[in-house]
Amino acid sequence: MNLFKIFHRLYMEYFSWAFDSEFDLDRTFNDLQSFHTKALPDSQNKGEQLYAKIFKSNAFYLFSPVVFIWLRYQVMKFSSAEYLQSLINKSIENED
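Note that the numbering used here has the sequence shown beginning at -19, numbered continuously upward.
Heads up, a few of these hints could be off.
The list that follows gives simulated cross-link-like pairs (lysine to any residue, SDA-like), each with its CA atoms no further than 20 Å apart [stated by the list, open to error]:
id	residue 1	residue 2
1	K(-15)	S14
2	K70	S60
3	K57	Y(-6)
4	K(-15)	Y53
5	K33	M56
6	K(-15)	Q24
7	K33	Q13
8	K36	I(-14)
For each label pair, taking beta carbons as the anchor points, the in silico distance ranges come out as [what the hints assert, rightly or not]:
id	residue 1	residue 2	range
9	W50	L12	13 to 23 Å
10	E62	K18	18 to 28 Å
11	F(-5)	K26	28 to 38 Å
12	F15	L51	32 to 42 Å
Since the hints were derived computationally from the structure, they do not count as laboratory data.
Glycine residues also receive a C-beta, built at the ideal position from the N, C-alpha and C atoms.
My request is simple: use the sequences and hints to build the entire structure.
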C-alpha cells in the first residue's frame, strides 16, 4: 500500500462528499498515482528521488498499515462533534 492509496481510502471513507462524483476523486488520485509510478530512487528530480527513497522502501510498506490506522484514527477524532466541542470548551476555559 503506497501513500496515495492510503489517502485515497481515507478520502473515499470520510471526504467523498467534497467531490462532485467518484470519477473526480479517482481522476485526482490517478495523477498522484502516476507521480508515484514515475518516482525512482535514481531520478534526476530531487523531489522524486527523496519520495522514492522514503515511500517506496520496504520499511514503509511494512509500516503502511500502521500509518493508515493512525491517520484514520486522527481523521475520525477530528471529525467527531463531541471532540471538537471539548476543544472549544477547553479553549474558552483557558481564555478566562
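Hints versus structure:
Of the supplied pair hints, the one linking K(-15) and S14 holds, its CA atoms being roughly 12 Å apart against a limit of 20 Å. A threshold of 20 Å between alpha carbons decides the hint, and for K70 with S60 the separation of about 16 Å falls inside it, so the pair holds. The straight-line distance between the Cα atoms of K57 and Y(-6) is roughly 12 Å, inside the 20 Å bound, and the hint therefore holds. About 16 Å separates the Cα atoms of K(-15) and Y53, which keeps this hinted pair within 20 Å; it holds.
This hinted pair does not check out: K33 and M56 have alpha carbons roughly 30 Å apart, beyond 20 Å. For the hint linking K(-15) to Q24, the alpha-carbon distance of about 25 Å lies beyond 20 Å, and the restraint is violated. Distance restraint check for K33 and Q13: the Cα-Cα separation of roughly 16 Å lies within the 20 Å cut-off, and the hinted pair is therefore satisfied. Using a Cα cut-off of 20 Å, the hinted pair K36 and I(-14) holds, with the two alpha carbons roughly 13 Å apart.
Checking the proposed 13 to 23 Å range against W50 and L12 shows it holds: the Cβ atoms sit about 20 Å from each other. Take E62 and K18: their Cβ atoms lie about 43 Å apart, and the range 18 to 28 Å is violated. Taken as a hint, the range 28 to 38 Å holds for the pair F(-5) and K26, whose Cβ atoms sit roughly 30 Å apart. Between F15 and L51 the beta carbon distance is about 19 Å. The supplied range of 32 to 42 Å is therefore violated.
Figure legend: structure checked against the earlier numbered hints; hints not met, in rising order: 5, 6, 10 and 12.
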